[in-house]
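2 protein chains.
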Amino acid sequence: MSKPVDSAVSVVRTYIQDQRAAFLGDLTEWLRIPSVSAQPEHAADVSRSAGWLAAKLAETGFPVTEVWETAGAPAVFAEWPSDTPEAPTVLVYGHHDVQPAAVADGWHSDPFEPQTRDGRLYARGAADDKGQVFFHTLGVRAHLAATGRTTPAVHLKLLIEGEEESGSPNFRTLVEERAERLAADAVIVSDTGMWSETTPTVCTGMRGLAECEIELRGPDQDIHSGSFGGAVPNPATAVAGLVAALHDEDGRVAVPGFYDGVVPLTDEERELFAELPFDEARWLRTAKSYATAGESGHTVLERIWARPTAEVNGIGGGYQGEGTKTIIPASAFVKLSFRLVEGQDPDQVAKAVTEWVAARVPEGIRHRLDFGPATRPCLTPLDHPALRSVVRAMGTAFEQPVRFTREGGSGPAADLRDVLGAPVLFLGISVPSDGWHAPNEKVELDLLMKGVETTAYLWGDLAEHWTDTH
Amino acid sequence: MSKPVDSAVSVVRTYIQDQRAAFLGDLTEWLRIPSVSAQPEHAADVSRSAGWLAAKLAETGFPVTEVWETAGAPAVFAEWPSDTPEAPTVLVYGHHDVQPAAVADGWHSDPFEPQTRDGRLYARGAADDKGQVFFHTLGVRAHLAATGRTTPAVHLKLLIEGEEESGSPNFRTLVEERAERLAADAVIVSDTGMWSETTPTVCTGMRGLAECEIELRGPDQDIHSGSFGGAVPNPATAVAGLVAALHDEDGRVAVPGFYDGVVPLTDEERELFAELPFDEARWLRTAKSYATAGESGHTVLERIWARPTAEVNGIGGGYQGEGTKTIIPASAFVKLSFRLVEGQDPDQVAKAVTEWVAARVPEGIRHRLDFGPATRPCLTPLDHPALRSVVRAMGTAFEQPVRFTREGGSGPAADLRDVLGAPVLFLGISVPSDGWHAPNEKVELDLLMKGVETTAYLWGDLAEHWTDTH
Numbered sequence: 012m013s014k015p016v017d018s019a020v021s022v023v024r025t026y027i028q029d030q031r032a033a034f035l036g037d038l039t040e041w042l043r044i045p046s047v048s049a050q051p052e053h054a055a056d057v058s059r060s061a062g063w064l065a066a067k068l069a070e071t072g073f074p075v076t077e078v079w080e081t082a083g084a085p086a087v088f089a090e091w092p093s094d095t096p097e098a099p100t101v102l103v104y105g106h107h108d109v110q111p112a113a114v115a116d117g118w119h120s121d122p123f124e125p126q127t128r129d130g131r132l133y134a135r136g137a138a139d140d141k142g143q144v145f146f147h148t149l150g151v152r153a154h155l156a157a158t159g160r161t162t163p164a165v166h167l168k169l170l171i172e173g174e175e176e177s178g179s180p181n182f183r184t185l186v187e188e189r190a191e192r193l194a195a196d197a198v199i200v201s202d203t204g205m206w207s208e209t210t211p212t213v214c215t216g217m218r219g220l221a222e223c224e225i226e227l228r229g230p231d232q233d234i235h236s237g238s239f240g241g242a243v244p245n246p247a248t249a250v251a252g253l254v255a256a257l258h259d260e261d262g263r264v265a266v267p268g269f270y271d272g273v274v275p276l277t278d279e280e281r282e283l284f285a286e287l288p289f290d291e292a293r294w295l296r297t298a299k300s301y302a303t304a305g306e307s308g309h310t311v312l313e314r315i316w317a318r319p320t321a322e323v324n325g326i327g328g329g330y331q332g333e334g335t336k337t338i339i340p341a342s343a344f345v346k347l348s349f350r351l352v353e354g355q356d357p358d359q360v361a362k363a364v365t366e367w368v369a370a371r372v373p374e375g376i377r378h379r380l381d382f383g384p385a386t387r388p389c390l391t392p393l394d395h396p397a398l399r400s401v402v403r404a405m406g407t408a409f410e411q412p413v414r415f416t417r418e419g420g421s422g423p424a425a426d427l428r429d430v431l432g433a434p435v436l437f438l439g440i441s442v443p444s445d446g447w448h449a450p451n452e453k454v455e456l457d458l459l460m461k462g463v464e465t466t467a468y469l470w471g472d473l474a475e476h477w478t479d480t481h
Numbered sequence: 012m013s014k015p016v017d018s019a020v021s022v023v024r025t026y027i028q029d030q031r032a033a034f035l036g037d038l039t040e041w042l043r044i045p046s047v048s049a050q051p052e053h054a055a056d057v058s059r060s061a062g063w064l065a066a067k068l069a070e071t072g073f074p075v076t077e078v079w080e081t082a083g084a085p086a087v088f089a090e091w092p093s094d095t096p097e098a099p100t101v102l103v104y105g106h107h108d109v110q111p112a113a114v115a116d117g118w119h120s121d122p123f124e125p126q127t128r129d130g131r132l133y134a135r136g137a138a139d140d141k142g143q144v145f146f147h148t149l150g151v152r153a154h155l156a157a158t159g160r161t162t163p164a165v166h167l168k169l170l171i172e173g174e175e176e177s178g179s180p181n182f183r184t185l186v187e188e189r190a191e192r193l194a195a196d197a198v199i200v201s202d203t204g205m206w207s208e209t210t211p212t213v214c215t216g217m218r219g220l221a222e223c224e225i226e227l228r229g230p231d232q233d234i235h236s237g238s239f240g241g242a243v244p245n246p247a248t249a250v251a252g253l254v255a256a257l258h259d260e261d262g263r264v265a266v267p268g269f270y271d272g273v274v275p276l277t278d279e280e281r282e283l284f285a286e287l288p289f290d291e292a293r294w295l296r297t298a299k300s301y302a303t304a305g306e307s308g309h310t311v312l313e314r315i316w317a318r319p320t321a322e323v324n325g326i327g328g329g330y331q332g333e334g335t336k337t338i339i340p341a342s343a344f345v346k347l348s349f350r351l352v353e354g355q356d357p358d359q360v361a362k363a364v365t366e367w368v369a370a371r372v373p374e375g376i377r378h379r380l381d382f383g384p385a386t387r388p389c390l391t392p393l394d395h396p397a398l399r400s401v402v403r404a405m406g407t408a409f410e411q412p413v414r415f416t417r418e419g420g421s422g423p424a425a426d427l428r429d430v431l432g433a434p435v436l437f438l439g440i441s442v443p444s445d446g447w448h449a450p451n452e453k454v455e456l457d458l459l460m461k462g463v464e465t466t467a468y469l470w471g472d473l474a475e476h477w478t479d480t481h
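Residue numbers (the numbering used here), protein chains in the order written: chain A, 12 to 481; chain B, 12 to 481.
Honestly, I wouldn't trust all of these hints.
Because identical chains share one entry, a pair is satisfied inside a single copy or across any pair of copies.
[Unchecked claim] Cut-off 20 Å, straight-line C-alpha distance, at most; resulting in silico cross-link-like pairs (SDA-like, lysine to any residue): (1) K299 with E70; (2) K336 with P51; (3) K336 with A449.
By construction, these hints were calculated from the structure, which means they are not laboratory data. These numbers come from a predicted model, not from an experiment.
Here chain A stands alone, though its shape is the one from the complex (with noise of 0.2 Å):
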């Protein structure tokens, strides 16, 4: 039976309210940690914030917790068998680390002095992603409730890293060394969103990303523009020149080879994308932009989640400063970043980038091409049996129909699919207007409790429902 009988949703809903105020509680004390991963002058309150979750899932009923110390900032792991022996075993993935934040950037109250407004809770990692972290406490907590287990219904594992808003360094190094520890049958991300505050959504996929950077190399010191102008080639105008051809007049990106083994969009996957209520207006608002652009044959949506791209992040070269300054510059340089997708090998992306360059640069400007460490594209099978339990889990936590998105952006999850060789899906509350990375971050209460609620219900369907897998 895949949906859980009313009286267990009641037991549920009711043993949520109870527990509402303590739980709202204790986030509140870990959003007060500011565990900024990137400000080294942190580092001792992300290894508090560290220790805080450790104590903290214990205390909620983990056997096993435990800090795993990295190269940079531990992670928290926590594992709580079931003792039904041959339950599959889920391993849950988020982070306790937070982006920057300081009043001076526009909160209107500290960002780590958590504020509730008008059923919102106000604090740097409000959203991202302590709160949908900490749902996974009180919603394992009322699964046993309303089951009556004193185990979970599946083996569950938690692997909260702190390092994610500083690119997950040492995550790959991690997984990789601890991977007997982390085994799973499924990962869950909960560190997404959803589409809208009344529109429930799965995320099925991220984009990888690949990240470059170009310094071109004209004259061996600025020169003078009058006296040599006309007659040298200009670093500048070569950057330029590049930039201007890495995509062709179909919006597409022109590098021979980049979409090679792009696996396309299905019909069906088209049409769930579709069904989504998407207001362009609302979305440039959101965008901050004032016309959508990019590759002809797709829809928006198509092309944030689900097309590769190459943008520009920055490009420079010559006089920076106020005025005017008569000079050919010596050197320019382009910083760029691929979000890749399915199919796409991030090695190969940096191949056919690095030969387009080297044949492109003209002669006289020396060139030299930095590919840092890539992240691959990630996607949840649509036609996974784990897949069908988070959406009846969010389904009777919402009371709505849930419709699958992606997301355009990256994350780490898919280094946990290819050292776990496990699927990945995606279990996330957040909505657009949550503010990630932004001043005012927050998130909605209500919300939040359904993230509580979704999960009371995920590992009972994903222990009954895991057999369909195999």
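Position chain B against the provided structure of chain A, taking the given hints into account.
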């Protein structure tokens, strides 16, 4: 008779040799004054430099010497009327301000404590332009000594401005306001150079200059390249598109109307350029560059001296720091300079560029384009008798044939031509290795004395042959 008799040459040379030590002592004193017009903390030094020069010109014998205040730094005016009323009037132009300089930039000695090493005088301003202004003082004395005159053979005027290194912001106004005092039959600009130590040349033109900054704005603030990448226009990509489209495949500026009115080189001018001992490898070393480039169908010298250009002086947008930042930048800019040649109207060029940019900015990108004040191109008519006087005087001094060059750079000479209605000629003895605007600027003392000698012959020759023009 065009060539001074041998006895006159002998008198001039003896006179100059006798005065050389005192002349260099005076110049050294002047070079000690750090008259850096671009640095407000040196404003008093620029004024002191003007006063010093005015006093020295009075000592030289100029019956009229005045310091002319402007809205910025002061200029020096001096006048020495000929006792031959029908003699032509010649106005010498130069500047007494200098570029900034500091030992930390790589000077081997204090830039404002002149040092003589290996026949070279090292100091900021030694060549640009105090040395080349100063040779006119001893030159006119030698002219009097050799001719036995008590006044010059021409009505001699000097206008030595104090803001050339700051773009001469008040020069045009000054010339317009003082046009009556400055009235002249010919202008001699001593602020240029020669081909080399062994190839004396006369410059016959400078390019004009129009500069603009274009700012393109996309999103209202930097936005996440994962969430929005691929679906909104990126202003850094747009600015690259503009820059890349600025030139066609033949290296010509692709802005419609840009070449309107351009006076093409005559076959004679191309032949004169081709006579110069141009060594591409050597020129590339001077340009500190690794290849030539530019408009097809033209030699390097034609490109830098006689063809208009569009160069990127600066480009920027988005993340400029170390590492990566996954944003679509809110804005991007480019600073462009256009060198102009005879026949081009800076206002028309600005209009053409403005229209071209407006037509090319992608939808959703807002833009701003500002052109600053322009400098017009300036060309000496090759058939002007005064040019022949300069060539003869220089040929006598250097005992070599004199060839013709132009300068790729730009200066305020065109203002003098336009306001005073007089042809502009260039007389300079600086060589490319003198390091204008660079550390260790110097002047070759032997060439400096040839400058003195040239002017010692020039005024007599001009007076004698002036009627050829009428």
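Status of the hints after comparison with the structure:
no.: 1; hint: K299 with E70; verdict: neither (43 Å within a copy, 69 Å between copies)
no.: 2; hint: K336 with P51; verdict: between (38 Å within a copy, 18 Å between copies)
no.: 3; hint: K336 with A449; verdict: between (36 Å within a copy, 14 Å between copies)
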